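S.K.: Spelled out, the chains give:
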Amino acid sequence: SQQGEEDPQALSIQEGENATMNCSYKTSINNLQWYRQNSGRGLVHLILIRSNEREKHSGRLRVTLDTSKKSSSLLITASRAADTASYFCATGRLSSGSARQLTFGSGTQLTVLP
Amino acid sequence: GAGVSQSPSNKVTEKGKDVELRCDPISGHTALYWYRQSLGQGLEFLIYFQGNSAPDKSGLPSDRFSAERTGGSVSTLTIQRTQQEDSAVYLCASSLRPSTDTQYFGPGTRLTVL
Chain A
6 SQQGEEDPQA
16 LSIQEGENAT
26 MNCSYKTSIN
36 NLQWYRQNSG
46 RGLVHLILIR
56 SNEREKHSGR
66 LRVTLDTSKK
76 SSSLLITASR
86 AADTASYFCA
96 TGRLSSGSAR
106 QLTFGSGTQL
116 TVLP
Chain B
30 GAGVSQSPSN
40 KVTEKGKDVE
50 LRCDPISGHT
60 ALYWYRQSLG
70 QGLEFLIYFQ
80 GNSAPDKSGL
90 PSDRFSAERT
100 GGSVSTLTIQ
110 RTQQEDSAVY
120 LCASSLRPST
130 DTQYFGPGTR
140 LTVL
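Just so you know, the sequences run in chain order A and B.
Here our numbering runs 5 ahead of the position in the first sequence, where the first position is 1.
Here our numbering runs 29 ahead of the position in the second sequence, where the first position is 1.
Isolated chain A, as found in the complex:
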């Protein structure tokens, strides 16, 4: 089964610096999404990039997708202490009944130091 794997597992940077997290997966996908999780609770959807897209922007977020390498990156520019959280990539594939079962990686723990 496909699986998103993020690296690094943990990243610590100073406020104002950029943070880059990477995700690799194993099989063909319809889309790749990035989620953020604070304190081990609910996830917040950040951005979705479809398999026919190469780059997407949303505010301070930039996501790239390289389907030939089966990898994606999430860049957070001008980081803030409030960006401290775990970031997960999730790959979407069709499941029974046309549902999008998301397969999540194990996440990158980002710490932004003030």
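I should point out that these hints are in silico values taken from the structure, not numbers from a laboratory.
Please read these numbers as outputs of a predicted model, since none were measured by experiment.
Fair warning: there could be bad hints in the mix.
[Unchecked claim] Lysine to aspartate or glutamate pairs mimicking EDC-like chemistry, simulated, CA-CA at most 20 Å apart:
1) K40/B <-> E114/B
2) K61/A <-> D130/B
3) K75/A <-> E58/A
4) K44/B <-> D92/B
5) K31/A <-> E73/B
6) K46/B <-> D92/B
Dock chain B against the given chain A, drawing on the hints supplied.
M.R.: Positioned in the frame of chain A, the structure of chain B alone reads:
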């Protein structure tokens, strides 16, 4: 409602007891998903509902786990004869339609089996 809600937020139980976890999806969302997240891990897909039916139960880890959804809205995840390895955060998500990619997550229920 404004978002996905789950109850209880925390549940501590003794090994061998049954537990019920509840999820209220966003009003009008037809698809509902249950995931499990063990400490420091990514999310593991458990089950998906389209309306009141569950076309995909592939992720349920054992026959001690079951779920139902009534009225196309509220869902309950039941774990019978809980084991210590069931300890995790159980997350529910909903999406507008099964083919809609973005899933909106609830805050989760932290289950601790002593």
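S.K.: Taking each numbered hint in turn, which are not upheld by the structure, reported in ascending numerical order?
M.R.: Checked against the structure, no hint fails, so every one of them is satisfied.
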